[in-house]
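Undergrad: From the two separate chains plus the hints, produce the assembled complex.
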Amino acid sequence: MDYLRKREIQRRLELLTDKEWKDICDRCKKAINTRLYNKTEWGAHSIKELGAPAVDHYLNTSIEKIYSFQRDWKFEDRTITEELIRISNSLISHQLEAYKSRINGKYIEVDLNDDLRYKIFDDIEDDKHIDELINCIENLVKEDGDLEFYWEAIKDRMKSREIAVLMEKPINRIYKLNDKLIYQAKTKCLAN
Amino acid sequence: MNNKEIFSCIADINLDSCLNLPNDELEKYDNENNLSFIKRQRFKCHAKLNKEKNINLLARASAAVIEKIQGLSALSSEALKEILVQKRPQMQFRNFNKLEDSDLREILTDILLLEDLENE
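Taken in order, these protein sequences are the chains called A and B. Per numbering that gives the first Met the number 0, the first sequence starts with residue 0, numbered consecutively. Per numbering that gives the first Met the number 0, the second sequence starts with residue 0, numbered consecutively.
For the record, the hints were derived by calculation from the structure and aren't laboratory data. Any given hint might turn out to be false.
[Claimed, not checked] Listed next, the in silico DSS-like pairs over lysine-lysine satisfying Cα-Cα at most 30 Å (straight line):
no.	chain 1	residue 1	chain 2	residue 2
1	A	K73	B	K3
2	B	K50	B	K38
3	B	K43	A	K5
4	A	K18	B	K27
5	B	K50	A	K179
6	A	K73	B	K43
7	B	K3	A	K141
8	A	K5	B	K47
9	A	K5	B	K50
10	B	K27	A	K185
11	A	K187	B	K3
No experiment lies behind these values; they were computed from the predicted model shown.
Okay, chain B solo, but in the shape it has when bound (with noise of 0.2 Å):
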């Protein structure tokens, strides 16, 4: 046997043992830092995956449709409030105040998208 593989043999079994040793013989750790991070990459994963999911759309989306997404950065928060109010009239107005112009906007690219994928 290859001397090296001994040490690849041990290598394993001690892998063997991170996976399946009982819950109750591994050592704890404090784990709180970990877990905080766990929840930042994982708003930070659903924000790029988002991303991703818009992006993808837009490439099958219309010409006019992108026309009237890339038309959404000229317009005022208020011009913003008001389509919204057409287009969603379910959609309650006094949540509206408490977003940011970009989360408008990118709740009406949201919208305009669906509708596209609608009207296919």
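Chain A with its partners taken away, still in its complex shape (with noise of 0.2 Å):
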């Protein structure tokens, strides 16, 4: 990264007050304690590995990121907030990978590459699990009218604002029934 570009980047983080830094940091955590629920209390992201909590640790990681310029915030494209989100993704997954690999008695030296797409469930990787899955939430969203109609929305790609028009319900209602699939999915489905 070049000079004037990490300028910019420091002219932009300069003008980020207080006030704005609590409610990224708020959003920022929201994401990751979303990704990594239940996750937490052993194993890749537990205090004992990580030498802090699991949000504060991935939150701090991905802003000295920003900070010492080891990542690029690609400003044009996307909000500090959601810079941060997808960097902690990436240390998520990271952590898990060298995490697995030294659990299994090998040693893979895993990069901190640039896929910064954001996951949600870290158990399913292959097409077993995967169905395993979708089955155990095609039987849970049977006991809710909204929840089973989100699910079939999703099956069909639709995005977050496509289906609170078709549901007729506000946006945030919609960010609310994903909180709950998600929750469900991650206490009903994968919690062993």
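TA: Okay, here's the thing in structure tokens:
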């Protein structure tokens, strides 16, 4: 990254007030907590492994990567919140891979690559597990009319705003349904 | 539809919700430690960029001024203060006493580089 880009990133970071940073932290923590639901007591994301509570560890490390210019904030395309969430996700995936390879007794060098795709479910890797999770969700949404309708829309690859229009509900209600779906999948389908 | 894409859809909506949920509906966390951490990062970032700026300026500086800058490391605190007073008489001498030798050298380095650039 050249000096002028670093200066521009620094200038944009300097414009953020403490109040804005608090909001950014809340949003990033929501994303990290959703991804790591039920996964911080032991294993790859435990305090024992990370040396700090997972949410603070991943958020602070992401912030450090932006301020130290190890990661480029692509401010042309993304807000700082989105950039930090994507970096946190990349760090979580990286930590999980490194932990798994260590537990399996083999050393694999895992690069902290630029894969900034946003993920929710770490437990599903192959088609068999994906199908199992889908079947489990199919069963659990049957108990809730709105959730069942929402799940059908998701299967049709609809976006949140399209679903809101289709269901004639405010967008925030769609976000809540999504949270509920993730929560139920993580607690009832992936708990073991 | 590829079944894996269903979960990408859910992830996209979750990200959308983290970014766009109104502030008053967002769960609030204690972020004081994060804010302190950000302050420290801000300071380190500032120092890092200043250092990089000086390296960039040094790369453009003349051989004579580089020699002068290198010569600063051999000078005592008193000698550094004396040069500073000569170069910048408007600077308040009493403030120099609060500075470390490394700070005095840094200020002098900046002054020498600026003079060199002005003479270009």
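Undergrad: Each hint: holds or not?
TA: Right, here's what the structure says about each hint:
Our distance criterion of 30 Å between C-alpha atoms is met by K73/A and K3/B, whose separation comes to about 27 Å. Note on K50/B and K38/B: the hinted pairing holds, with a Cα-Cα distance of about 19 Å set against a maximum of 30 Å. Taking the CA atoms of K43/B and K5/A, the gap is near 13 Å; set against the 30 Å cutoff, the hint holds. Under the criterion of a C-alpha separation no larger than 30 Å, the hint pairing K18/A with K27/B is consistent with the structure, at around 12 Å.
With a C-alpha separation of about 49 Å, the suggested pairing of K50/B with K179/A is violated against the 30 Å cut-off. The straight-line distance between the Cα atoms of K73/A and K43/B is roughly 21 Å, inside the 30 Å bound, and the hint therefore holds. Proximity of K3/B to K141/A is assessed by CA-CA distance (about 21 Å); at most 30 Å being required, the pair is judged to hold. Simply put, K5/A and K47/B have alpha-carbon atoms about 10 Å apart, close enough for the 30 Å limit, and the pair holds.
This hinted pair checks out: K5/A and K50/B have alpha carbons roughly 13 Å apart, not beyond 30 Å. In summary, the hint linking K27/B to K185/A is supported, as the alpha carbons are separated by about 22 Å, within the 30 Å threshold. For the proposed pair K187/A and K3/B, the alpha carbon gap of about 19 Å is at most 30 Å, so the pair holds.
Hint compliance for this structure: hint 5 alone is broken.
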